[in-house]
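J.: Per numbering that gives the first Met the number 0: the sequence shown = residues 0 to 122.
Calculated directly from the structure, the hints in this document are not laboratory data. Any given hint could be a false lead.
When the alpha-carbon atoms are kept at most 27 Å apart in a straight line, the in silico DSS-like pairs for lysine-lysine are as follows [unchecked claim]: (1) 89 <-> 47; (2) 4 <-> 47; (3) 45 <-> 57; (4) 4 <-> 45; (5) 47 <-> 57.
The following label-pair restraints were derived from C-beta to C-beta distances [stated by the list, open to error]: (6) 115 <-> 47: 21 to 27 Å; (7) 40 <-> 113: 54 to 60 Å; (8) 105 <-> 29: 24 to 30 Å; (9) 42 <-> 65: 28 to 34 Å; (10) 32 <-> 90: 36 to 42 Å; (11) 38 <-> 61: 30 to 36 Å.
Using N, Cα and C, we set each Cβ at its ideal position, and we do this for glycine too.
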Amino acid sequence: MAPSKLVLFLVVNLALLASAAHACAPYCPTPSPPPPTLTCSVNTLKLKVCANVLNLLKLNLPVPENEECCPLLSGLANLDASVCLCTAIKAEILGIKLNVLADFTLLLNQCRKTCPDNYTCSI
């Protein structure tokens, strides 16, 4: 008799588990997708040239037209350009001490880009 009681016990437990798994069937919440990870499509090491531009801007010197920073960002949307510069800053690619918000904005403005309102470069 003991094996049949065990089998009956297991069957009842499996039935309860199966029904519990679908208990919220018509009202089950749909999982929200994870937020997209923002990545830079430019090789961030190339952004080191932006340090020279930033130094000239801080010294209020004219930036030569043949500088290489803005052409790297030119094909990018504002958000992508912001992400690329922020990534370079975080990785300390620029190799200079930054006042992040001011310098970040200064570089973006120099390249005729703006930082979107919903994006913050948090270091």
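J.: Against the structure, test the hints numbered earlier, and report the numbers of the ones violated in rising order.
T.: 2, 4, 7, 8, 9 and 10
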